[in-house]
Amino acid sequence: MGHGGGGTLSSELVEHVFAPAFGSPELSGFPDSAVLRLGGARLAFSTDSFVVRPLFFPGGSIGDLAVNGTVNDLAMSGAVPAFLSCAFLLEEGVELETVARVAEAIGAAARAAGVRVATGDTKVVESGHGDGVYVNTAGIGLVPDGVDIRPDRAVPGDVVIVSGPIGLHGVAVMSVREGLEFGVRIESDCAPLGGLVAAMLAVTPDLHVLRDPTRGGVAAALNEIAASSSVGVLLQERALPVPPEVANACALLGLDPLYVANEGKLVAFVPREHADAVLAAMLAHPLGAGARIIGECVDAHPGMVVARTAFGATRVVDRPLGEQLPRIC
Amino acid sequence: MTELTSAPVAAERRRVQVRGVVQGVGFRPFVFALARDLELAGWVTNTAEGVLAEVEGGPGAVAAFCRRVAADAPPLAVVEGVEHQVLPAAGGTGFTIRASRGGGAARTLVSPDTATCRDCLAELTDPQDRRHRHPFITCTHCGPRFTIVTGLPYDRANTTMSRFPMCGRCAAEYADPADRRFHAQPVACHDCGPVLRLLVRAVSGISGVSGVEERPEPLAEARRMLGAGRILAVKGLGGYHLACDAGNTAAVAELRRRKARGRKPFALMVRDLAVVEPLVHLGDAERELLTGNRRPIVLLRRRAQGGDQVCAEVAPGSPDLGVMLPYTPLHHLLLGLPGDPPGPSALVMTSGNLSGEPIVTDDREALERLGELADAWLTHDRAIHVPCDDSVLRVVAGEVLPVRRSRGYAPLPLTLPVAVDPVLATGGDLKNAFCLAAGRQAWLSAHIGDMDDLATQSAFERAEAQLEAITGTVPQVLATDRHPGYRSTGWARRNAGGRPVRTVQHHHAHIAAVLAENGADGSRPVLGVAFDGTGFGEDGAVWGGELLLADYDGFRRLAHLAYVPLPGGDATVHLPYRMALAHLHAARLPWDPALPCTTACPDTERAVLARQLERGLNCVPTSSMGRLFDAAASLAGVCHRAEYEAQAAIELEAAAASWAGPLGERWSFAVHPGGDGPDRIDAAPVLAALAAGLRAGTPPALLAARFHDAVAMTVRQICGRAREEHAVDTVALSGGVFANAVLATACLDGLRADGFTVLRHRLVPPNDGGLALGQAVVAARHRSS
Ligand SMILES: [Fe+3]
Ligand SMILES: [Mg+2]
Ligand SMILES: [Zn+2]
Ligand SMILES: [Zn+2]
Numbered sequence: 000m001g002h003g004g005g006g007t008l009s010s011e012l013v014e015h016v017f018a019p020a021f022g023s024p025e026l027s028g029f030p031d032s033a034v035l036r037l038g039g040a041r042l043a044f045s046t047d048s049f050v051v052r053p054l055f056f057p058g059g060s061i062g063d064l065a066v067n068g069t070v071n072d073l074a075m076s077g078a079v080p081a082f083l084s085c086a087f088l089l090e091e092g093v094e095l096e097t098v099a100r101v102a103e104a105i106g107a108a109a110r111a112a113g114v115r116v117a118t119g120d121t122k123v124v125e126s127g128h129g130d131g132v133y134v135n136t137a138g139i140g141l142v143p144d145g146v147d148i149r150p151d152r153a154v155p156g157d158v159v160i161v162s163g164p165i166g167l168h169g170v171a172v173m174s175v176r177e178g179l180e181f182g183v184r185i186e187s188d189c190a191p192l193g194g195l196v197a198a199m200l201a202v203t204p205d206l207h208v209l210r211d212p213t214r215g216g217v218a219a220a221l222n223e224i225a226a227s228s229s230v231g232v233l234l235q236e237r238a239l240p241v242p243p244e245v246a247n248a249c250a251l252l253g254l255d256p257l258y259v260a261n262e263g264k265l266v267a268f269v270p271r272e273h274a275d276a277v278l279a280a281m282l283a284h285p286l287g288a289g290a291r292i293i294g295e296c297v298d299a300h301p302g303m304v305v306a307r308t309a310f311g312a313t314r315v316v317d318r319p320l321g322e323q324l325p326r327i328c
Numbered sequence: 000m001t002e003l004t005s006a007p008v009a010a011e012r013r014r015v016q017v018r019g020v021v022q023g024v025g026f027r028p029f030v031f032a033l034a035r036d037l038e039l040a041g042w043v044t045n046t047a048e049g050v051l052a053e054v055e056g057g058p059g060a061v062a063a064f065c066r067r068v069a070a071d072a073p074p075l076a077v078v079e080g081v082e083h084q085v086l087p088a089a090g091g092t093g094f095t096i097r098a099s100r101g102g103g104a105a106r107t108l109v110s111p112d113t114a115t116c117r118d119c120l121a122e123l124t125d126p127q128d129r130r131h132r133h134p135f136i137t138c139t140h141c142g143p144r145f146t147i148v149t150g151l152p153y154d155r156a157n158t159t160m161s162r163f164p165m166c167g168r169c170a171a172e173y174a175d176p177a178d179r180r181f182h183a184q185p186v187a188c189h190d191c192g193p194v195l196r197l198l199v200r201a202v203s204g205i206s207g208v209s210g211v212e213e214r215p216e217p218l219a220e221a222r223r224m225l226g227a228g229r230i231l232a233v234k235g236l237g238g239y240h241l242a243c244d245a246g247n248t249a250a251v252a253e254l255r256r257r258k259a260r261g262r263k264p265f266a267l268m269v270r271d272l273a274v275v276e277p278l279v280h281l282g283d284a285e286r287e288l289l290t291g292n293r294r295p296i297v298l299l300r301r302r303a304q305g306g307d308q309v310c311a312e313v314a315p316g317s318p319d320l321g322v323m324l325p326y327t328p329l330h331h332l333l334l335g336l337p338g339d340p341p342g343p344s345a346l347v348m349t350s351g352n353l354s355g356e357p358i359v360t361d362d363r364e365a366l367e368r369l370g371e372l373a374d375a376w377l378t379h380d381r382a383i384h385v386p387c388d389d390s391v392l393r394v395v396a397g398e399v400l401p402v403r404r405s406r407g408y409a410p411l412p413l414t415l416p417v418a419v420d421p422v423l424a425t426g427g428d429l430k431n432a433f434c435l436a437a438g439r440q441a442w443l444s445a446h447i448g449d450m451d452d453l454a455t456q457s458a459f460e461r462a463e464a465q466l467e468a469i470t471g472t473v474p475q476v477l478a479t480d481r482h483p484g485y486r487s488t489g490w491a492r493r494n495a496g497g498r499p500v501r502t503v504q505h506h507h508a509h510i511a512a513v514l515a516e517n518g519a520d521g522s523r524p525v526l527g528v529a530f531d532g533t534g535f536g537e538d539g540a541v542w543g544g545e546l547l548l549a550d551y552d553g554f555r556r557l558a559h560l561a562y563v564p565l566p567g568g569d570a571t572v573h574l575p576y577r578m579a580l581a582h583l584h585a586a587r588l589p590w591d592p593a594l595p596c597t598t599a600c601p602d603t604e605r606a607v608l609a610r611q612l613e614r615g616l617n618c619v620p621t622s623s624m625g626r627l628f629d630a631a632a633s634l635a636g637v638c639h640r641a642e643y644e645a646q647a648a649i650e651l652e653a654a655a656a657s658w659a660g661p662l663g664e665r666w667s668f669a670v671h672p673g674g675d676g677p678d679r680i681d682a683a684p685v686l687a688a689l690a691a692g693l694r695a696g697t698p699p700a701l702l703a704a705r706f707h708d709a710v711a712m713t714v715r716q717i718c719g720r721a722r723e724e725h726a727v728d729t730v731a732l733s734g735g736v737f738a739n740a741v742l743a744t745a746c747l748d749g750l751r752a753d754g755f756t757v758l759r760h761r762l763v764p765p766n767d768g769g770l771a772l773g774q775a776v777v778a779a780r781h782r783s784s
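Chains as they are written, first to last, in numbering that gives the first Met the number 0: chain A, 0 to 328; chain B, 0 to 784.
It is worth saying that the hints were derived from the structure and are not from the lab.
Where a beta carbon is used, it is the ideal one built from N, C-alpha and C, also for glycine.
Careful, some of the hints might be misleading.
As the list claims (entries may be wrong) - The following label-pair restraints were derived from C-beta to C-beta distances:
| hint | chain 1 | residue 1 | chain 2 | residue 2 | range |
| --- | --- | --- | --- | --- | --- |
| 1 | A | Ala198 | B | Gly496 | 45 to 53 Å |
| 2 | B | Gly496 | A | Pro19 | 20 to 28 Å |
| 3 | A | Ala198 | B | Arg614 | 39 to 47 Å |
| 4 | B | Asp591 | A | Glu94 | 38 to 46 Å |
| 5 | B | Arg614 | A | Phe17 | 25 to 33 Å |
| 6 | B | Ala752 | A | Ala309 | 48 to 56 Å |
| 7 | B | Pro672 | A | Glu11 | 34 to 42 Å |
| 8 | B | Ala284 | A | Ala309 | 38 to 46 Å |
| 9 | B | Glu364 | A | Ala238 | 21 to 29 Å |
| 10 | B | Ala32 | A | Ala299 | 20 to 28 Å |
| 11 | B | His781 | A | Glu11 | 29 to 37 Å |
| 12 | B | His781 | A | Gly156 | 48 to 56 Å |
Stated by the list, open to error - Okay, the calculated bits of chain B under chain A, using three or more residues with CB under 8 Å as the criterion:
| hint | segment |
| --- | --- |
| 13 | 453-467 |
| 14 | 558-572 |
| 15 | 595-606 |
| 16 | 610-617 |
With these hints in hand, go ahead and build the complete structure from the sequences.
Encoded structure:
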């Protein structure tokens, strides 16, 4: 089944299976992280499992992803990430040295992200029942006062900013997994975004939406926001920061960079009056040095994402299906 | 009781209701003349239902009226039904035309837009006529209809001519039943009609800020600009065209650059057939299509050389020229009347739109959206209410084959062989046309475009609402393709509002379309050969080389092209060399560096592609015949990159058509019996023969001819086997691949020689432009229990 594709199928599972079964109000909309009131504080809470193959790839490893994935989900609600849990599912027979390398990577990534691993678990499954190493992390962090960042807060007029070049992680992982030689080394962009978000919040607490465009890429993230907020999103295709090596690899494989995963980028929906200042703050931060305004939020076509092409036509950017099926007859 | 004297035969009165295309085609004056001829009293009027008359007089005369009202109807009328009912005689003398009555369910049909008639053309060129050189000359036999109708009944108030009050002389003609302009709704003249304007881009200052300025003598200046190599946006019947001198290489190249058009051929509008006679082969059927009153673009096979009025840049590398003749008075004036100063006699006329968007109809939009494309705008103040692109047809095996059914045809209904519930079929995603149907009538929309585009989706919605309004059809069922990613399917789901949405498999819909237009009632299944580029299959694969045992209710897949991987989906569609390499890979044939498809693929890409195929990365299995044609075109060295849809197949067909000699050898596909499942048609032996032939130095034209022959032979073979097994002797051909005249002709001839009855498309396109018709019938047919 294609339910891992990060698109329509997995959101159907959430909508029809998980949300009704759990019945918790926090789950409506199934945000990547939940913001909860607990003992007077506002706490962001998130969990994610990591099953990436291969375990080590140019620019990172499953350990970096396990930390940054969860840290970034917390950061996307404006929280300052603080503590992580870390659970390992190890396949019997996996090299101890491999586990040690993953653990080292987790430690280093946590230090870089400014979080501490506070609890954990290890399980070993029979040989053939796992795929070497799976990692699950959960994380908590505090949401500063006055910050209210949610996928349903985008309004027409908001400016859409992406923090840097897109498509690097997906292409990097795929190239090593599939043994593809594109003639240039492409590295994952895997990075923790808490610091970048803090720099943006220092400009204004009134950021409307933040999202890390992981599975399903920028297209999936923007479609979810457009649907949650009932707004249209109009992108300028020319403004999309697609590195030439990503564009080339995608062209060869027949992929659209808008649908390729990122692990160290965010898209922000920012009120127009703050857009320039927020962009300037992003550009001043090392993880936002390639930030660009890529579009805006509009009244027209609510729930739809549309890209204006170089020729001025408007292409509809659908939410991703399990796989990209050809439509040309 | 008094004595009975020689009383006259009692007068009879009847109410006569005529349905069909009876408005805007001179029907009431015809009724008026007929009634006077038969010495009948009464009246006639337009209603939302059609034309309604009451006639009174001798029984013989009344009966003759009821007969002749259908039999002698004017040329543009299509009478679908005449009902009459006897009323008590009311007396009275004289016959009148009454004002139209609105209201009620609209059931009448609107006529398509029609080319300028001979009488109007004579007036246009006659210096003595008061409409000499009037760019909007029209009468009841010609002119705009569908594109200017805003509502029903068809009256001036319900057209975009409502804002032009008639002058006294026009009003007199309009009111005179004996006049050719009696109730011609768009009638106008120099004094009261729309006004032509020429807006020229004006660049001012160093910043290059541009605006437009109006120039006097719009026509003369427009012709002068065209002659000087400029590009003009010209407002036509169904939208704006971009026009330039087809004989001016620089101008055509500039238009190509501005439209980012690649090598896709441009259509031509020529002053008369003499301009193209030296360039193309013209048969009687083509002449008739070109000069008839629908004036589509006709695809004409080119001669080897000839003529300098059309430069090579118009259709580089294309075997065909798309040609049309002028169909509005403005076009006639633009190409020059006798005695006019010299000017271009052939114009490139391409849809005024941004690549992928629908044709522009709105004047303000034309200035904005065509701002970068045009040097000037030849425009006027008669609004276009709905867009309607030019139709495109070709002649295959002596009969018409529509490639795009639009202006001149829409919104004429097709008659269905079976009744359907009111249904809206949303069609396919590319070349979209939708279909409304109810009872025994189906209205296929004008060409809408590619649904990737937001503007196209909006155009779809507007056209759908308008067609519902003018046909009075309220769909109870929606029919769509089964493809999960089709925008047309998504639209249907979003707009269903509780109505059932029935999905129809793509190739089943193709076969149902050809059955429906051929009047098959579906009581016996046929062998459906559906060859196209891409259609979503029941098993999640991409189908496109299918033999189906099909009726309207369902289908069984009897045979298909063996699956090969489609690496990278739509990306590979533009790069036939990738498809050739994928086919070689599937056939376990080496990527021989001596093959042109191998050298056409850059080294890095080839290495990635090999890995991609090995790992099945983003590879969908496909049985597409369209993709096999792409692969063969690249293998034969004919085309490696497709800059427009089906370019490789079109060029391969052209190569095959150019081979006049004997085939020498014949190739054949291997057919692997499928047991319980469908048979698999394996292209490997044909690909191997192609590669071997190429290495042996066989000319590409001969390779192309042998490939076409092999495909046609396989069609005969699989149909022959299926006939034995299923006792079915009718074959239906559909799918975009059958726009290929060489293949279609070979299949038709071969299958007929084998004793099959062959159903082919003549009324709707074999490509996805005809898909909606099939969807409608499959989804909404009344099933006899
Ligand atoms: Fe098709
Ligand atoms: Mg997550
Ligand atoms: Zn006329
Ligand atoms: Zn007048």
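Review point. Gly496/B and Pro19/A, beta-carbon distance inside 20 to 28 Å?
Key: holds (25 Å)
Check your understanding: Is 25 to 33 Å a correct range for the gap between the Cβ atoms of Arg614/B and Phe17/A?
Key -> holds (32 Å)
Check your understanding: Does the Cβ distance between Ala32/B and Ala299/A fall inside 20 to 28 Å?
Key -> violated (52 Å)
Exercise for review: Check whether three or more residues of the segment 595-606 of chain B sit with their beta carbon closer than 8 Å to a beta carbon of chain A.
Suggested key: Coverage by chain A holds for the segment 595-606 of chain B (3 residues, Cβ < 8 Å).
Review point. So the hint says 38 to 46 Å: do the beta-carbon atoms of Ala284/B and Ala309/A match that?
Key: holds (42 Å)
Practice item. Could you check the hint for me, namely that Pro672/B and Glu11/A are 34 to 42 Å apart, CB to CB? Key: With Cβ atoms ~39 Å apart, the hint holds.
Check your understanding: Are Ala752/B and Ala309/A spaced within 48 to 56 Å by their CB atoms?
Key -> At 52 Å between Cβs, range holds.
Point to revise | Annotated coverage of the segment 610-617 of chain B by chain A, confirmed only when three residues or more have a Cβ within 8 Å | key: Since 5 is at least three, the answer is holds.
Point to revise | Residues of the segment 558-572 of chain B with Cβ under 8 Å from chain A, three needed, outcome | key: holds (count 8)
Review point. Cβ-Cβ distance between Asp591/B and Glu94/A: within 38 to 46 Å?
Key: holds (43 Å)
Review point. Between His781/B and Glu11/A, does the C-beta distance stay in 29 to 37 Å?
Key: holds (35 Å)
Review point. Regarding His781/B and Gly156/A, is the given constraint of 48 to 56 Å on their beta-carbon distance met?
Key: Since His781/B and Gly156/A have Cβ atoms about 52 Å apart, the given range 48 to 56 Å holds.
Of the numbered hints given earlier, the model fails hint 10 alone.
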